[in-house]
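Top to bottom, those sequences are chains A and B. All residue numbers for the first sequence refer to the UniProt record's numbering, where the first residue is 1 and numbers rise by one. All residue numbers for the second sequence refer to the UniProt record's numbering, where the first residue is 1 and numbers rise by one.
Misleading hints may appear alongside valid ones.
What the hints assert, rightly or not - Simulated coverage check for chain A against chain B, where a stretch passes if three residues somewhere in it have a Cβ under 8 Å from a Cβ of chain B:
1) 18-26
2) 109-119
3) 181-191
As the list claims (entries may be wrong) - Among the chain B residues that face chain A by a calculated CB cut under 10 Å, a handful are:
4) Leu289
5) Ala297
6) Val299
7) Asp301
8) Thr362
9) Asp385
10) Arg387
11) Val389
12) Val391
Honestly, the hints are just simulated from the structure, not real lab data. The beta-carbon is built from N, C-alpha and C at its ideal position, and this holds for glycine as well.
Each chain is listed here by its residues.
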Amino acid sequence: MKSGGVSRVLLIEDDPAVREGLELALTRHGHRVRAVDSGEQGLDRLRTDLPDVVVLDLMLPGIDGFEVCRRIRAAGETPIIMLTARGDDIDVVAGLEAGADDYVVKPVQPRVLEARIRAVLRRIGRDQAELERHGDLTIDRAGLVVANRGVPVGLAPTELRLLLELSGTPGRVHSRQQLLESVWEHGYFGDSRLVDACVQRLRAKIEDDSAAPVYVQTVRGFGYRFGPV
Amino acid sequence: MAPWPSLGLRARLSSAFALLCVVTTVAVAGGIYVQARNAILQRTQDAAVQAMMSRLQALYPLRSPAPDRAELGGIAGAVSDGNVFAVAFHRGEHSPAGPPPERPGAPVPGPPPEHRRPGGAPVLDLGVISPQLRRTVAGGDVAWQRVVWRDAPFLIIGTPLLITERDRTTRSSGIEVYVARSLLPEQRSIDGLAVRAWLTGGAALAFAVVLASLATRGVLRPVRELGRAARLLGEGELRTRIAVRGSDELADVARTFNTTAAELERHVEQLRQMEADARRFVADVSHELRTPLAALAAVADVLDEEAARLPEPAGRAARLVSQETLNLTALVNDLIEISRFDSGVAALALNEVDVAELVHATLRARGWSEAVRTELPPGVAAPLDPRRVDVILANLVGNALRHGEPPVSVRLSADPHRIALEVSDHGPGLDETVLPHVFDRFYKAGAARARSEGSGLGLAIARENARLHGGDLTVTNAVDGGAVFTLRLPRRAHDPDGGPE
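Based on the provided sequences and hints, a complete structural model is requested.
Now the structure itself:
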């Protein structure tokens with residue numbers, strides 16, 4: 001994350017017209033855009049440019065968007081916003097499972113994409129609070145570090161924000177709609193699969209057994225709750 | 001209509017068969033009966049006349065031309081025997097006649113002993129000889145008549161005794177002899193014949209009825225099969241075929257049915273294929289349009305924001321391009337949405353949500369909270385896909401605000417099984433001719449409204465969304481004016497959590 005408002009966006013999109021259009025629009029919104037036309041180039045640029053956010057088309061020649069998504073996630077915690085051309089549910093779910101933080105459906109209005117980028121880049125407020133302990137999990141709200149049995153856990157920004165949101169009020173049930181508003185800034189009618197997919201990824205990283213979660217628990221029909229541990 | 005509207009084919013065929021059989025049996029059996037009866041009687045009659053004549057021959061020559069009562073008794077006795085009663089007349093005189101026997105011939109050999117004169121002939125009651133017969137006999141002819149005497153049939157034969165002169169001419173001697181012969185044995189054999197005829201007729205009738213029912217079943221089974229197949233075909237089971245048996249007219253009908261069904265199936269298949277092709281084409285076109293639109297949409301904002309700084313008419317052109325890009329984007333998005341409904345890939349993401357909260361969120365997100373009156377009882381929750389319900393509500397409220405008159409209101413009501421959301425305005429309402437079509441795709445309320453805001457798919461998509469929930473969306477005009485759209489959604493908890501848990 002970069003301070004000062006100007007962020008570096010890595011745009012991976014194979015269609016030249018869309019690429020140019022989005023580059024134009026995002027540049028106008030004050031971002032420094034690096035646009036490439038394939039996943040291979042994108043992964044190269046990721047290492048050299050260290051972008052703040054990746055905007056990734058799922059339908060790519062060569063290695064496809066899902067694979068690129070997984071490799072970016074494996075390499076670090078850079079936020080990823082998917083561009084899905086088809087709006088197909090399968091694509092969205094697969095993309096979220098591959099580690100994407102959010103998605104927009106083409107044709108996208110630049111101001112919508114801009115809002116998504118701002119949301120994933122929003123600086124997480126640092127508290128002066130003490131180190132929180134929940135069972136084996138320690139959450140350092142000042143240093144933004146989460147550790148499980150003393151071992152730091154690498155969380156993507158969205159995952160971290162979701163964990164901070166839930167653990168801020170242990171035992172309280174958060175509906176998917178509330179989480180979409182507070183974590184994704186989507187508003188009431190966001191896609192609740194974003195929450196579900198993010199919870200899955202978060203559990204895989206902090207729970208001993210994802211099938212029997214201790215920290216992030218499902219309240220059937222209502223939403224999610226942290227603990228009580 | 002049919003002459004016998006209440007009778008089925010089976011009853012009609014059976015009764016026709018039975019009738020035919022009865023008529024035939026009666027004709028054949030009756031004919032044979034009558035002929036046999038006549039033959040028997042004729043033979044009996046001939047034999048009786050023959051026997052009588054030969055006995056009378058023995059009397060010649062007559063002892064006196066004017067016999068007295070005793071002599072007449074002798075004549076009568078000569079032609080009598082156990083079976084035959086006789087009486088002889090001459091002028092007013094006649095041989096002794098007994099009272100009629102109680103049951104003549106009951107014991108076939110003869111009348112009871114008390115009616116038999118000792119050593120003489122059985123006697124005949126004179127009353128059974130009709131005057132008509134007597135006149136005929138008196139005229140010189142041999143005559144006979146069948147009578148019923150004391151409940152038993154008798155043959156009465158009368159003959160005048162003739163005297164042959166030396167010149168070989170004959171003249172009546174004036175003596176008439178009558179004999180009565182019981183026909184009881186013949187009556188019995190004729191009765192036996194009748195009984196056999198009836199039995200044969202009855203058996204034939206029973207046989208005919210069985211045969212008729214077999215035949216009708218044989219005819220009716222294919223007919224019933226045809227009926228069942230036609231019904232199945234009508235219900236949309238286009239693969240229905242009939243097994244063709246034999247080569248009769250019914251088999252022809254079955255073959256025709258099969259050919260027709262095959263044709264129908266082929267045509268329907270063709271139509272479905274064409275429709276599927278058309279829909280796939282729309283889906284493909286929409287997807288193809290997406291990429292260029294994505295590029296256009298990306299720069300439309302830029303163009304719009306720069307429009308103010310451009311010299312006219314470039315500025316207006318830029319605004320137009322920007323605006324139409326947005327419209328086109330909405331249209332293509334709607335086309336893609338509806339083609340997803342058509343192809344069945346649209347999926348529900350159900351969440352147990354507070355309906356009032358959802359409606360408020362919809363209104364708030366579009367800045368309509370002030371413009372719309374709400375009647376939303378709190379605490380009503382239902383398993384809904386919030387995004388889809390938002391699409392429906394946004395469409396209904398948006399239409400009401402654009403086309404109707406204020407106040408626009410949203411009212412929620414609920415029972416344990418369903419919720420109902422009513423969106424109403426106070427405008428003039430919808431034309432009655434328009435009402436059935438408001439949910440049609442691209443339906444335009446009037447030719448004049450060439451293009452309205454929105455894609456023309458909004459209400460169609462809204463209804464598809466309602467149906468995807470297992471609910472429905474309907475429209476009526478309120479009594480006091482204004483259109484009322486009612487969205488009904490089920491509250492049943494099939495899966496209360498749409499999440500992947």
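Okay, the hints, checked on the actual structure:
Residues of the region 18-26 of chain A lying with their CB closer than 8 Å to a CB of chain B number 6, which satisfies the three-residue condition for coverage. With 3 residues bearing a CB less than 8 Å from a CB of chain B, the region 109-119 of chain A meets the requirement of three and the coverage assertion stands. Counting residues of the region 181-191 of chain A whose C-beta lies closer than 8 Å to any C-beta of chain B gives 5; at least three are required, and the coverage claim holds. For Leu289 (chain B), the suggested interface contact is upheld, since its CB lies about 9 Å from the closest CB of chain A, less than 10 Å.
Given hint, Ala297 (chain B) at the interface with chain A, holds; its Cβ is 4 Å from that chain's nearest Cβ, closer than 10 Å. The interface hint given for Val299 (chain B) is met, as the beta carbon of that residue sits about 5 Å from the closest beta carbon of chain A, less than 10 Å. The interface hint given for Asp301 (chain B) holds, since its Cβ lies 5 Å from the closest Cβ of chain A, which is under the 10 Å cut-off. Look at Thr362 (chain B): its Cβ gets to within about 8 Å of chain A, closer than 10 Å, so that hint holds up.
Taking 10 Å as the C-beta contact cut-off toward chain A, the hint placing Asp385 (chain B) at the interface holds, the least distance being around 9 Å. With a cut of 10 Å, the hint placing Arg387 (chain B) at the interface with chain A holds, because the nearest CB-to-CB distance is about 5 Å. Taken as an interface hint, Val389 (chain B) checks out: its beta carbon lies about 9 Å from the nearest beta carbon of chain A, inside 10 Å. Contact between Val391 (chain B) and chain A, as hinted, is supported at the beta carbon level, the nearest pair being about 9 Å apart and thus within 10 Å.
Consistency with the previously given hints is maintained throughout, with no hint failing.
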